[in-house]
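Here the protein sequences come in this chain order: G and Z.
Here the first sequence stands for residues 70 to 252, numbered as in the numbering used here.
Here the second sequence stands for residues 73 to 273, numbered as in the numbering used here.
Source of the hints: derived by calculation from the structure; they are not laboratory data.
Just so we're clear, the structure is a prediction, and the values are computed from it rather than from any experiment.
One or more of the hints may lead you astray.
Not everything, but these chain G residues come out facing chain Z in the computed CB check (under 7 Å) [said to hold, decoys possible]: (1) 83; (2) 84; (3) 92; (4) 93; (5) 99; (6) 100; (7) 101; (8) 110; (9) 113; (10) 114; (11) 116; (12) 117; (13) 183; (14) 188; (15) 190; (16) 192.
All C-beta atoms, glycine included, are put in the ideal place defined by N, C-alpha and C.
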Amino acid sequence: MVSKNENSQSSGLKLSDQALQEQVLELPTEMSPDRDLWSGIEKAISTKSQNNFISERQEQRYKAPMAWAASVVAAVLLSWGIYTPQEASQTSGQVNVNLVAAMQQTFEQQKQSMLVSYGQPKLQTLAPEMQEQLKQLTSAQNTIKKALVAEPNNIDLLNLLRWTQQQELDLLKQLYSPQWQSI
Amino acid sequence: MDNSKVIDAQKRFTTPVEEQQEKMWIERAKQGDQQAFHLLYQQYHRRIYALCWRMLADKDSAEDVCQEVFVQLWQKINNFRGDSKFSTWLHSVATNVVLSHLRKHKNWLQRVFSIEEKQVEESAVSPDVEHSALASELDRNIAKLPERARLVFVLFAVEGYRHEEISKMLGMAVGSSKSQYHRAKTLLREWLSNEGVCDGV
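With the rest of the complex left out, here is chain Z (with noise of 0.2 Å):
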């Protein structure tokens, strides 16, 4: 399973005339004009909050983590100077903001001895995301995977980055990336076919 299809998916996500629009609200926004910032806010705040959902995978941290993404934006979107899309500068902004985020909130256990906050065997996933009507089976079982395999699971085949700009952000080695993406994988698969989504097999 690559993710090219998924670069593919992303570049297709703008049209020339809302790209214009786009660029005059960035311009405004820039100025300090706070109602273009709210327009910005509106066409991307559920992109992100996906984003930040499936990656911290609790919907109270996801909403705060969102929230301050934006704030993070306002301060930082001067600069943005247009070398790649700003679909892509503001999800790279906020994927720093997430992991930023699950860095500040590791106990001292998990930072001093490297520990995984969750077990495979013991992975409890909050009634929000057990119940979430809104969620698809497959987003429901990543939000099950282990932290780091989660991580790598949803930048990747999600989000479309590549193994090394993953390694980087996440200080592993590239290797080790590649293998928490077949370990996410293999559960996935593993509990997708158990919960008798098995159309592709």
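Chain G extracted, bound-state conformation (with noise of 0.2 Å):
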């Protein structure tokens, strides 16, 4: 199909828009690969299960170490409450305040670009115990963050925040890299 105008601007050397088109249509619907891709695929394939973004095999192996991280924080955020102490330097309170509020923006870019570099996927999409893992980590974040205002030299809690954004961040990775492409 040539309109009247594409044949006007086929003049001279051009291909014609028809010959294009043929050509199109010649063109190879199947081309080979020059690796065998269908190992990758069968060993990714066994490692998930269809209809469900994370396999069982895989969520085993998140819960472990978030159940672990869970308890870490858990028994972390009560020997605080049994220990608090009284005083606390007003300077020093507000250097690690500022500190926090820069740990937790350098926290949320990281997390930002990374979920960018994914496609932006949505998190409501993920399997409700990967949803929960997160939420439990956010939840661990805003109660050290709460317990950093009142004792804002505790350095094992600012060890403890950055531990739990670096828990976030390296779950997302997992949930979202695909690994087939390294196999």
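Two chains, two separate frames, one set of hints: put the complex together.
Structure (structure tokens):
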């Protein structure tokens, strides 16, 4: 199907529109990849259940460290509750409040750029167990931040906050980075 | 140039016997049968690889994304209800995976400023495209097109999508899809003519 405009454009040495269309129709419908792709696919699908983003095996892989992480956070917060000191330097407290805000900002930026690199996936589409793990990590971070407001000089709490933030980033990375490409 | 002949060609793809056999493989794959899924892979992977190769213009990425397509197919095959032909549905899954791959791998500069990574003048084709004995003259030139023009051309002229569908897939106006297509055609006709493929002039 060649329009008048297209015919006039194809004057001179240019290939006509119709000739291009004929070449398109002659394009091979199939091409063979150089390497065997099936072995990688087979490995990947053996660890993925159908219609679930995370297979049961993967869920198990995440559940154990997450449960451990949650218990460590709980234990530290409990001990913090028992041994809360009464006094804290106001100056260093202010510094640490700023530090916590900076840590949170860096974490949010890292998380956002990571999600962007994975095509802005909807976290709501994750398996409920994974959503729960992420929720627990967020909840732990909030509790630690509240604890830091009352006790800004506690290095352990700062480390714990950084650790839970890293746990969240690691979990997101494991959930969304395509593993079959590295097979 | 329209794409109705492409759509007709796609409709003639399988015989009724092959369709029955394919339905059986799909049902078995839905039950988790990896052997049946392997048969579907054998049936379709060359077509899907061709689609990936044309859209990405890079052999290694095409191979990786082709794998990704079949892994996603395994996960999503229960969503296929038979409303359309399996090959049509699979091609739409593959197209989405390719576009998602392209979005993920755009660098921050391209993302922020919407810069195309290839300018026509600078278009550098990877050696595997340039020297592939298997690729046709037209395929080698499609690979040289700027990304957006290439995607629109492959989706419209080769895959048979409408500009309305392409505009939604690529997040652009229908008019932009048409102008990118026109740009691709102009470049291809010029390049192919320069290479001496002027039979249709």
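Taking the hints in turn, this is what the structure says about them:
no.	hint	verdict
1	83	5 Å, holds
2	84	4 Å, holds
3	92	5 Å, holds
4	93	5 Å, holds
5	99	4 Å, holds
6	100	4 Å, holds
7	101	6 Å, holds
8	110	5 Å, holds
9	113	5 Å, holds
10	114	4 Å, holds
11	116	10 Å, violated
12	117	6 Å, holds
13	183	11 Å, violated
14	188	5 Å, holds
15	190	10 Å, violated
16	192	16 Å, violated
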